[in-house]
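Student: What follows is the residue order along each chain.
2 protein chains.
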Amino acid sequence: MRIVCIGAGNLATRLGWALKEAGHEVAQVFSRTVESASALAGKLDCPFTVRPDEILSGADVYLFSVKDSVLEELAARIAPNVGGALCLHTAGSMPMDVFRGHAARYGVFYPMQTFSKNTAVDFREIPVFLEASDAAAYGLAEELARSVSGNVRAMNSADRRYLHLAAVFACNFVNHCYALSEDILRRIDVPFDVMWPLIDETVRKVHQLPPREAQTGPAVRYDRNVIGRQLDMLEGEPDMREIYDAMSRSIHRLAQEKDKRKEER
Amino acid sequence: MRIVCIGAGNLATRLGWALKEAGHEVAQVFSRTVESASALAGKLDCPFTVRPDEILSGADVYLFSVKDSVLEELAARIAPNVGGALCLHTAGSMPMDVFRGHAARYGVFYPMQTFSKNTAVDFREIPVFLEASDAAAYGLAEELARSVSGNVRAMNSADRRYLHLAAVFACNFVNHCYALSEDILRRIDVPFDVMWPLIDETVRKVHQLPPREAQTGPAVRYDRNVIGRQLDMLEGEPDMREIYDAMSRSIHRLAQEKDKRKEER
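Chains as they are written, first to last, in my numbering: chain A, 9 to 273; chain B, 9 to 273.
The hints are simulated quantities; they were obtained by calculation from the structure and are not laboratory data. Each residue gets a CB set at the ideal place from its N, CA and C atoms; glycine is no exception. Hints should not be assumed to be uniformly reliable.
Below, computed lysine-lysine pairings styled on DSSO-like, alpha-carbon distance capped at 27 angstroms [unchecked claim]:
| # | chain 1 | residue 1 | chain 2 | residue 2 |
| --- | --- | --- | --- | --- |
| 1 | A | K51 | A | K28 |
| 2 | A | K268 | B | K75 |
| 3 | A | K125 | A | K51 |
| 4 | B | K270 | A | K75 |
| 5 | B | K75 | B | K125 |
| 6 | A | K75 | A | K125 |
| 7 | A | K75 | B | K266 |
| 8 | B | K125 | A | K268 |
| 9 | A | K51 | B | K270 |
| 10 | B | K28 | B | K51 |
| 11 | A | K266 | B | K75 |
| 12 | B | K51 | A | K270 |
| 13 | A | K270 | B | K125 |
| 14 | B | K75 | B | K28 |
| 15 | B | K268 | A | K125 |
| 16 | B | K28 | B | K125 |
| 17 | A | K266 | B | K125 |
| 18 | A | K270 | B | K75 |
| 19 | B | K51 | B | K125 |
| 20 | A | K125 | A | K28 |
| 21 | B | K266 | A | K125 |
| 22 | A | K28 | A | K75 |
| 23 | A | K75 | B | K268 |
| 24 | A | K75 | A | K51 |
| 25 | B | K75 | B | K51 |
| 26 | A | K125 | B | K270 |
Estimated spans, in silico, between C-beta atoms of each pair [unchecked claim]:
| # | chain 1 | residue 1 | chain 2 | residue 2 | range |
| --- | --- | --- | --- | --- | --- |
| 27 | B | R269 | A | R257 | 32 to 38 angstroms |
| 28 | B | R194 | A | G158 | 21 to 27 angstroms |
| 29 | A | G147 | B | R232 | 33 to 39 angstroms |
| 30 | B | A144 | A | G158 | 56 to 62 angstroms |
| 31 | A | D240 | B | E33 | 39 to 45 angstroms |
| 32 | B | R261 | A | L217 | 32 to 38 angstroms |
| 33 | B | G50 | A | D240 | 40 to 46 angstroms |
| 34 | A | K270 | B | R269 | 47 to 53 angstroms |
| 35 | B | N164 | A | Y230 | 25 to 31 angstroms |
| 36 | A | G91 | B | R232 | 33 to 39 angstroms |
Under 7 angstroms between C-beta atoms, here's a sample of chain B residues computed to sit facing chain A [to be verified]:
| # | residue |
| --- | --- |
| 37 | T122 |
| 38 | P135 |
| 39 | T224 |
Work out the full structure, taking the sequences as your base and the hints as a guide.
Tutor: This is the structure:
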């Protein structure tokens with residue numbers, strides 16, 4: 009397929025690369041700045057533009073991978089000029105309807121993954137969640153998705169909002185716990201890699217057990233002595249104290265629910 | 009060495025097993041209940057007792073792997089009867105001094121890992137943090153530690169408190185984020201394994217990048233639209249809302265600090 013990439017961020021870069029490797033033609037890259045547009049166009053060996061009115065017509069798919077905050081505006085501006093081509097966006101938390109009234113055929117192509125500029129990722133493993141305005145559009149989106157991923161599913165906009173929220177907990181909040189852990193280790197001059205065996209095991213366990221069955225540590229039984237001492241250690245760090253406190257109470261509450269269900273059996 | 013295991017929980021089970029596999033003799037298991045004491049003694053093929061005054065004398069090491077809340081009491085009761093043997097506890101957040109005045113030679117043997125009854129773990133990968141009352145005691149503790157782990161380090165009680173707090177963030181809080189993610193997925197009838205590629209990638213990234221460099225998602229730039237909508241979706245879940253809100257503000261604050269440092273360069 010001939011594809012125009014709207015956007016040149018981390019996701020656009022990884023996805024553009026995967027599409028090219030799968031044998032598609034990336035016909036053009038559009039981005040707001042010459043710097044980002046030319047960087048991605050260079051990687052994909054294709055032309056670029058920074059002007060919406062210079063976006064090529066005649067491609068099969070226009071793939072919008074841009075910040076949520078500019079997606080609606082760009083959809084309204086670009087989609088009306090692409091004729092019967094398929095417009096897709098890649099945003100987990102945005103509804104398909106940002107294209108309604110602007111594009112004839114449209115949908116969502118949400119690859120649920122965390123993308124960085126500097127770390128490559130195996131696209132075939134990434135679950136891609138699809139939605140489209142009609143069956144023909146869905147068929148085309150599915151063909152595109154299956155060419156890059158071995159894990160393609162249908163999901164509507166209402167459900168995808170929850171999926172994206174679940175991903176924020178399982179990825180962004182998890183990563184932030186690592187960042188705070190590193191901050192604490194810095195106080196005793198211990199490098200973060202000391203945590204890797206514990207981190208890896210924590211993840212390995214949730215491949216085998218439901219997370220609430222896997223929980224350990226002082227908050228499960230709400231050990232007041234440990235929790236009190238640890239809150240004291242976070243004096244002067246209001247963000248971390250707040251997170252520690254909210255997490256500990258919530259862990260304890262889930263553990264109590266679990267015990268209660270066990271008793272009722 | 010001849011070792012008596014005080015305690016029969018997840019850590020005692022995994023450690024007792026590793027010690028036996030390393031060729032040590034576990035001479036006895038003590039635990040508060042016949043059920044837990046006999047279960048571990050059965051696995052280690054050794055006698056057990058539930059009475060502190062029946063704990064064997066003449067072993068080389070008495071290894072206390074018990075809840076923090078009962079450690080002091082058991083140390084005071086058992087350590088005075090073991091002569092010159094080495095008393096060790098395995099609690100990350102408890103000071104070595106729980107043995108002071110009760111044991112002649114003592115120390116801490118903290119294997120930093122999350123232990124479950126039903127998932128085996130490769131003990132050789134686990135970092136073990138040691139501390140002891142004198143050089144001879146340290147030598148013995150180190151010999152024991154090196155027989156089960158390839159990753160043995162010295163750390164004093166003051167630093168170990170921070171290490172343990174960092175572990176609570178990197179393991180228990182991370183696991184709780186997974187548990188909450190699973191809760192959200194349950195609302196749309198999606199099984200948790202859909203998150204595995206994202207979870208695995210999030211962890212893979214912090215083996216390559218400092219966690220704060222790896223962060224992505226709506227909180228980095230504090231995208232008010234996404235954050236507002238996601239908080240609305242958590243209406244009726246006060247724990248999750250509180251965690252979502254505290255995490256998002258804290259992620260944004262770290263990202264701002266990072267940008268500020270970049271500008272100053």
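Student: Now, for every hint given, state plainly whether the structure supports it.
Tutor: Checked hints:
Distance hint between K51(A) and K28(A) is fulfilled; the C-alpha atoms sit about 10 angstroms from each other, no more than 27 angstroms. Proximity of K268(A) to K75(B) is assessed by CA-CA distance (about 22 angstroms); at most 27 angstroms being required, the pair is judged to hold. The straight-line distance between the Cα atoms of K125(A) and K51(A) is roughly 12 angstroms, inside the 27 angstroms bound, and the hint therefore holds. As the CA atoms of K270(B) and K75(A) are separated by approximately 22 angstroms, the hinted pair is consistent with the 27 angstroms bound.
Between K75(B) and K125(B) the CA atoms are separated by roughly 15 angstroms; this keeps the pair inside 27 angstroms, and the hint holds. Distance restraint check for K75(A) and K125(A): the Cα-Cα separation of roughly 15 angstroms lies within the 27 angstroms cut-off, and the hinted pair is therefore satisfied. Among the hinted pairs, K75(A) with K266(B) is consistent with the structure: their alpha-carbon atoms are about 20 angstroms apart, no more than 27 angstroms. Between K125(B) and K268(A) the CA atoms are separated by roughly 20 angstroms; this keeps the pair inside 27 angstroms, and the hint holds.
At roughly 26 angstroms between alpha-carbon atoms, K51(A) and K270(B) fall within 27 angstroms of each other, so this suggested pair holds. With a C-alpha separation of about 10 angstroms, the suggested pairing of K28(B) with K51(B) holds against the 27 angstroms cut-off. About 20 angstroms separates the Cα atoms of K266(A) and K75(B), which keeps this hinted pair within 27 angstroms; it holds. Of the pairs offered as hints, the one joining K51(B) and K270(A) holds, with about 26 angstroms between alpha carbons and a cut-off of 27 angstroms not exceeded.
With a C-alpha separation of about 17 angstroms, the suggested pair K270(A) and K125(B) falls inside the 27 angstroms cut-off, and the hint holds. A threshold of 27 angstroms between alpha carbons decides the hint, and for K75(B) with K28(B) the separation of about 22 angstroms falls inside it, so the pair holds. Simply put, K268(B) and K125(A) have alpha-carbon atoms about 20 angstroms apart, close enough for the 27 angstroms limit, and the pair holds. Restraint check for K28(B) and K125(B): the C-alpha separation of about 17 angstroms stays at or below 27 angstroms, so the hint holds.
Our distance criterion of 27 angstroms between C-alpha atoms is met by K266(A) and K125(B), whose separation comes to about 17 angstroms. Distance restraint check for K270(A) and K75(B): the Cα-Cα separation of roughly 22 angstroms lies within the 27 angstroms cut-off, and the hinted pair is therefore satisfied. For a cut-off of 27 angstroms, the pair hint linking K51(B) to K125(B) stands: about 12 angstroms separates their Cα positions. Taken as a hint, the K125(A) and K28(A) pair is honoured in the structure, with Cα atoms around 17 angstroms apart against an allowance of 27 angstroms.
A C-alpha spacing of about 17 angstroms is found between K266(B) and K125(A), which places the hinted pair at or below 27 angstroms, so the restraint holds. Our distance criterion of 27 angstroms between C-alpha atoms is met by K28(A) and K75(A), whose separation comes to about 22 angstroms. As the CA atoms of K75(A) and K268(B) are separated by approximately 22 angstroms, the hinted pair is consistent with the 27 angstroms bound. For the hint linking K75(A) to K51(A), the alpha-carbon distance of about 21 angstroms falls within 27 angstroms, and the restraint holds.
In summary, the hint linking K75(B) to K51(B) is supported, as the alpha carbons are separated by about 21 angstroms, within the 27 angstroms threshold. A hinted pair counts as satisfied when its Cα atoms are at most 27 angstroms apart, and K125(A) with K270(B) qualifies at roughly 17 angstroms. Checked against the given bound of 32 to 38 angstroms, the beta carbons of R269(B) and R257(A), roughly 33 angstroms apart, stay inside it. Taking 21 to 27 angstroms as the suggested C-beta distance range, the pair R194(B) and G158(A) conforms, at roughly 25 angstroms.
For G147(A) paired with R232(B), a C-beta distance near 37 angstroms keeps the hint of 33 to 39 angstroms intact. About 58 angstroms separates the C-beta atoms of A144(B) and G158(A), a value consistent with the hinted range of 56 to 62 angstroms. At roughly 41 angstroms, the beta-carbon separation of D240(A) and E33(B) lies within the given 39 to 45 angstroms, and the hint holds. Here the CB-CB span from R261(B) to L217(A) is close to 33 angstroms, well matched to the stated 32 to 38 angstroms.
For the hinted restraint 40 to 46 angstroms between G50(B) and D240(A), the CB-CB distance of approximately 41 angstroms keeps it satisfied. Taking the beta carbon of each, K270(A) and R269(B) are about 49 angstroms apart, inside 47 to 53 angstroms as hinted. Evaluation of the 25 to 31 angstroms hint for N164(B) and Y230(A) yields a pass: the beta carbon distance comes to about 28 angstroms. Roughly 35 angstroms separates the CB atoms of G91(A) and R232(B), a value that falls within the hinted 33 to 39 angstroms.
Among the interface hints, the one on T122(B) holds; its C-beta lies about 5 angstroms from the nearest C-beta in chain A, closer than the 7 angstroms criterion. Look at P135(B): its Cβ gets to within about 6 angstroms of chain A, closer than 7 angstroms, so that hint holds up. Residue-level restraint check for T224(B) holds (minimum Cβ-Cβ distance to chain A is 5 angstroms; threshold 7 angstroms).
Violated hints are absent here; each numbered hint is respected by the structure.
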